[in-house]
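> Just so you know, the sequences run in chain order B and L. To convert, note that position 37 of the first sequence is 37 in the working numbering; the numbers rise steadily by one, no gaps. To convert, note that position 196 of the second sequence is 196 in the working numbering; the numbers rise steadily by one, no gaps.
None of these hints come from the bench; they were simulated from the model. Ideal Cβ positions, reconstructed from N, Cα and C, are used throughout, including at glycine. A couple of the hints might just be wrong.
To be verified - In silico contact screen, one side only, chain B against chain L (beta carbon under 10 Å); selected entries:
no., residue
1, R46
2, I76
3, A77
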Amino acid sequence: MGIQIKNLVKRFGSLTVVNDISVDIKDGEFFTLLGSSGCGKTTTLRMIAGLETPSEGKVFIHGKDVTYAEPRHRDIAMAFQDYGLYPNMSVFENIEFPLKIRKMPEAERRKKVEETAGTLGIGDYLGRKPAQMSGGQRQRVSLARALVRNPKVFLMDEPLSNLDAKLRAVMRTEIRRLVTEQGITTVYVTHDQIEAMSMADRIAVMYKGDMVQVAPPLEIYDRPATRFVADFIGSPPMNLFSAELSKGGRVVCQIQEFGQALDETERHRATQMADQHGHFSVGVRPEHLQCVAAGTAGSAEAIVELVEPLGQTTNIYLLSGDQRYIVVTDRTTVEAGDTIGVIAPREHVRAVARDR
Amino acid sequence: MSKPKTLRPVLQGLGAYALAILATLFFAFPVFWMASSSLKSELDISQYPPVFTSFEPSLVNYAELFTQLDALDAFINSAVIVAMATSLAMICGTMAAYALARFDMKGKEVMAFEVLSIRMLPPIVSVIPMFIIARTLGIFDTYWLLAAAYGLAGLPFVVWVMRVFIQDIPQSIEEAAMIDGCSRFETFWRVTLPLLLPGLAATMVIVFMFSWNEFLLASMLTSQEAKTLPVIAANAIKPKSIAWGLASAAGVMMSLPVVVLVLLMQRYLVRGLTLGAVKG
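So here's chain B without its partners, still in its complex pose (with noise of 0.2 Å):
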């Protein structure tokens, strides 16, 4: 077992900002801690790395008690989001620390700094101080810091996100590359829902201090359990619509050809997950509404807003009744005033629960 959290609370004086959460991370698996700032996702990381004490609950790092120990007697390495490079040391010294620190002969010392430099292709730079190289440079140079001396656990803190969009796309395959090849356990910080998608073996998605689903990405895309998920994930976001369960589980929409396409098992599962009013969304996500005629069976009639070509695909917004949500197709024929019919395949629509 790699990392195990157990009921594990936070509170800044009156303020919770992790609360009771537990999660099992494996052996070298990649876990992404997912949510908007100030959801509990960094502190929840700074718990596991022994810089911040936790309110209550426990922390196990390969079944041993972590909770109160050094940071130091925890054998992890972490990624800064402004890389916490020494930079009154060369890069050379600054790869080098760790080792220093553990009193690593000499020679051995170089060749490690050297292995791993070159595997991070920053060897050409060891003479250079820190503030001398680009903020790309600068993150490989705190990855390499952290991969030399083959930690077990390698905690990261949105690493990525001080780094321009084409650079963090090269960096996240190439993150994900070196930790899988070693075989690292990690937990990966981000509030950027691709850097989750692409990345993560598993997600936990974290809003307000709990965390709200935990799954892997596409089951997370593809079920998302609550509102605040269904928004947070995807670009356009899930289409969201109120929707009750009536004493008789008959289910009213606020688009009811929508509501009517709910399956079983996702009636079923509107069951477990209603309110005490009843109260739940259906969702379904833009990439699979599909645009046909007015009038066709079963379809929503709406209006169309606006229609927004983005090229590969196209960005289709629509109101039925006082309800806005958007459709994504291929090219079209629509027009922005047409009056058209929008269809929810049964096997796409999903059942949310509204947030805490």
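Since the structure of chain B is provided, determine the placement of chain L on it from the hints.
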């Protein structure tokens, strides 16, 4: 046509230089006057109109300084006392500042204010209590008393200034060190301290200068054994007249160590004094 265009910046540059030279002269003249007076005879000093360069330089004043006023003893006293006081203030102050900057403590702000409040008291108020305490402890007219007094006086300044310097160091650098395997103390020693050097140098020079030039406490809390340089320099003021030459020689001798220190620390000082202003 092009003449005024090119002339203007030149004139502006000249103006700036002229101003800079004037300002330099204004500040440098007293120093020059002190240094030259220390090499003049009593007669040359009292000449009117004053002589600037046309005098026979002599080291009489310096000789007198060492024979009549025991300047060597005083110099050693000053050096020992100021060294002890500065180390005390720097070591304790920096550690306190670190705690105030980094640790989660209750009543942190109150504590920081409390430390500063010593500075709000006029020093003269504390002279009599200190005198009584010193007598009781039997440390009157010893190094220990002045060293402690100067150390305590410098401490609040060190705490407040170093706290800001420490807060300017990104926390993630220290956290990286702790993850890399350092204990809290190792982190401070190997990572934080080297980054603090400019700040430490700037603060140290100021604490040093304060203790080195302090007169009030030194004159009240010493009698023979632990007399410092400012005290003997004041002896140049004799009941009937002021021995200007002697006073100037004492002044030069007192300034020298400060000048040397500042020159030694210059590399750090410039960075330290501007560190807060220019980030990154």
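> Let me know if the C-beta of R46 of chain B comes in closer than 10 Å to any C-beta of chain L, holds or violated.
holds (8 Å)
> May I ask you to test the interface hint for I76 of chain B with respect to chain L, counting a Cβ-Cβ separation under 10 Å as satisfied?
holds (6 Å)
> Against chain L, with CB atoms and a cut of 10 Å, does the hint on A77 of chain B hold up?
holds (7 Å)
Every hint, counting from the list given before, is met by this structure.
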